[in-house]
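Q: Sequence:
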Amino acid sequence: MQRITILALAVGGLTAGSIAPVTAAAAPGTFDIVVHADQQLPAEATTIVNPLLVNDPTRALNEAGRVVFGATLSTGATALFSWQDGQLEELLRTPAPAPANGNFANVQLGIVQNDSGGVAFEAALTGTSGGTADDVGVFWIENGPVQEIVREGQLLPGTSGGWNGLGLGSPKVNDAGEVLLGLKFNDTIEADVGFFLWDGTTLSKVVRNGDPVPPNSTIFNTVYSAQGFGTFWDFNDQGELAFVANGNTVYRGLPGALTEAARSFGVEGFDLNDSGLLAFSDFFGLYTNAAGSTDVVTVAARNDPAVTAGDTFFSFEELKVASNGDIAFKAQVAVDSGGNRAALFLATGGGIIEIFRTPLFADVPAGGITTFDDFTVNALGQVIFEVNLKGLGNRGIVISDGSTLQLIAEGPVLTDFGGPRFVPGVVANDLGQVLIESTGHPIPNVAGGKNALLLYTPAVTPERVPMPPIGLLIAAGLLAACGWRHRPRQAAPR
Numbered sequence: 103m104q105r106i107t108i109l110a111l112a113v114g115g116l117t118a119g120s121i122a123p124v125t126a127a128a129a130p131g132t133f134d135i136v137v138h139a140d141q142q143l144p145a146e147a148t149t150i151v152n153p154l155l156v157n158d159p160t161r162a163l164n165e166a167g168r169v170v171f172g173a174t175l176s177t178g179a180t181a182l183f184s185w186q187d188g189q190l191e192e193l194l195r196t197p198a199p200a201p202a203n204g205n206f207a208n209v210q211l212g213i214v215q216n217d218s219g220g221v222a223f224e225a226a227l228t229g230t231s232g233g234t235a236d237d238v239g240v241f242w243i244e245n246g247p248v249q250e251i252v253r254e255g256q257l258l259p260g261t262s263g264g265w266n267g268l269g270l271g272s273p274k275v276n277d278a279g280e281v282l283l284g285l286k287f288n289d290t291i292e293a294d295v296g297f298f299l300w301d302g303t304t305l306s307k308v309v310r311n312g313d314p315v316p317p318n319s320t321i322f323n324t325v326y327s328a329q330g331f332g333t334f335w336d337f338n339d340q341g342e343l344a345f346v347a348n349g350n351t352v353y354r355g356l357p358g359a360l361t362e363a364a365r366s367f368g369v370e371g372f373d374l375n376d377s378g379l380l381a382f383s384d385f386f387g388l389y390t391n392a393a394g395s396t397d398v399v400t401v402a403a404r405n406d407p408a409v410t411a412g413d414t415f416f417s418f419e420e421l422k423v424a425s426n427g428d429i430a431f432k433a434q435v436a437v438d439s440g441g442n443r444a445a446l447f448l449a450t451g452g453g454i455i456e457i458f459r460t461p462l463f464a465d466v467p468a469g470g471i472t473t474f475d476d477f478t479v480n481a482l483g484q485v486i487f488e489v490n491l492k493g494l495g496n497r498g499i500v501i502s503d504g505s506t507l508q509l510i511a512e513g514p515v516l517t518d519f520g521g522p523r524f525v526p527g528v529v530a531n532d533l534g535q536v537l538i539e540s541t542g543h544p545i546p547n548v549a550g551g552k553n554a555l556l557l558y559t560p561a562v563t564p565e566r567v568p569m570p571p572i573g574l575l576i577a578a579g580l581l582a583a584c585g586w587r588h589r590p591r592q593a594a595p596r
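So the mapping is simple: my numbering equals the position in the sequence shown, first residue as 1, plus 102.
Just to be clear, a hint being listed does not mean it is correct.
[Claimed, not checked] Simulated pairs of lysine to aspartate or glutamate, DMTMM-like, Cα-Cα distance not exceeding 25 Å:
| id | residue 1 | residue 2 |
| --- | --- | --- |
| 1 | Lys492 | Asp475 |
| 2 | Lys307 | Asp406 |
| 3 | Lys307 | Asp289 |
| 4 | Lys492 | Glu456 |
| 5 | Lys492 | Asp532 |
| 6 | Lys307 | Asp336 |
| 7 | Lys307 | Asp339 |
| 8 | Lys307 | Asp413 |
| 9 | Lys307 | Glu362 |
| 10 | Lys307 | Glu250 |
The set of hints was computed from the structure by calculation and includes no laboratory data.
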């Protein structure tokens with residue numbers, strides 16, 4: 103296993119929100135090279151040609167530090183691999199036989215895994231009995247043979263049409279081994295869509311367009327997708343589904359017990375954690391709804407004071423919810439000096455913390471952070487986000503707890519490790535680990551620049567930050583003290 107240690111360097115007063123140069127500041131920890139291009143597989147001459155898959159769902163890091171990824175091989179085959187603690191394991195290689203009929207042709211699509219080691223993935227098939235009518239499928243593998251979840255052309259339960267091979271993105275999987283699919287099918291109209299649950303044996307319908315949803319028996323029409331932010335649906339370890347449909351109506355619940363949670367002006371961010379905390383945002387505010395609660399809680403609203411004196415929230419965008427209930431969110435802030443700035447915040451049980459604010463470009467020195475992109479949050483009180491660095495043509499990944507910024511940077515910072523070029527997308531877990539795709543990376547002892555998957559592990563893992571359930575905070579009257587407010591269900595402002 104190739105491991106490179108990154109030493110802690112002096113940060114020089116660098117704090118959250120700072121625009122000081124950060125090119126000399128490194129997050130202390132180690133990088134493991136999970137896989138790199140031209141890596142030879144054990145006991146054979148075959149090499150991995152390209153392990154990089156640039157979309158978030160195609161690479162999976164779980165809470166045990168296990169990485170699952172797809173890759174193309176020098177033989178022309180594709181394969182599915184797992185990696186943990188330096189051990190690479192091949193799970194499946196084309197052209198292995200597929201369940202029922204045909205052979206796998208591409209197995210590096212839509213890969214997701216749970217913390218128990220189960221993997222769901224999409225695959226293209228060849229040599230099937232139906233030709234092009236059944237050459238796409240979704241499959242499951244966990245400590246045994248591959249199982250088929252659904253295949254193109256298959257009659258879906260609760261419909262009179264077959265799956266047309268299209269969907270609403272990658273599968274969702276929970277630790278019980280259940281897989282939730284958003285599928286399109288040909289029934290009454292071409293655009294029919296629904297959610298279907300596989301329990302390890304049987305595929306069943308959760309809801310499809312045309313179904314009434316309580317309490318108002320609104321007819322479920324289609325799943326809402328905000329421009330640029332993806333389709334809003336999620337699934338957790340309790341087996342609960344949450345989604346946005348019919349424009350801007352938020353639904354949630356267990357299969358057979360869906361209900362309307364809220365109506366919004368226009369959803370911009372959406373996430374559900376495994377404890378049942380649902381967070382969503384629209385232009386006017388950031389809201390939460392806890393499992394079993396009839397309240398929608400306003401965390402922050404337009405014109406509310408922002409963290410910096412004199413500033414106010416102007417609008418709200420994407421968000422992520424940690425397993426402990428912390429919420430990282432992006433907002434536009436109306437600054438006291440005039441104009442709006444994009445900023446990243448962390449809402450906790452103790453209030454709202456500003457993590458980083460986009461500075462005026464002219465004020466940023468060479469090497470300073472100019473903008474931020476994708477972000478996520480863990481249960482350690484850390485927000486992990488991508489940044490651009492002025493004048494270097496480089497990107498970086500920042501880890502912040504709201505008091506300091508630690509940088510994992512391209513190029514100069516990792517001089518002993520080569521000059522990595524990060525691929526967009528942030529994947530992290532509650533161990534503080536960050537999975538990074540890198541292009542053009544010179545691997546030690548291997549000639550030439552190589553694409554690679556890198557796993558960053560911090561030198562010291564911070565203590566997990568617990569947060570009482572929102573329901574307990576409501577009962578204790580603590581939300582008001584934090585500046586959070588109650589609204590009755592469906593009261594997101596318009």
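Q: Decide, hint by hint, whether the structure agrees.
A: Comparing the hints with the structure gives:
1. Lys492 - Asp475: Given pair Lys492, Asp475 holds - Cα atoms ~14 Å apart, limit 25 Å.
2. Lys307 - Asp406: Violated, at about 42 Å.
3. Lys307 - Asp289: The given pair, whose Cα atoms are some 14 Å apart, holds under the 25 Å limit.
4. Lys492 - Glu456: holds, 22 Å
5. Lys492 - Asp532: Not OK: Lys492 and Asp532 at ~30 Å, beyond 25 Å, violated.
6. Lys307 - Asp336: holds, 16 Å
7. Lys307 - Asp339: Holds, at about 18 Å.
8. Lys307 - Asp413: Cα-Cα ~47 Å, so violated.
9. Lys307 - Glu362: Roughly 18 Å separates the two Cα atoms, so the pair holds.
10. Lys307 - Glu250: holds, 17 Å
Hint compliance for this structure: hints 2, 5 and 8 are not met, and every other hint is.
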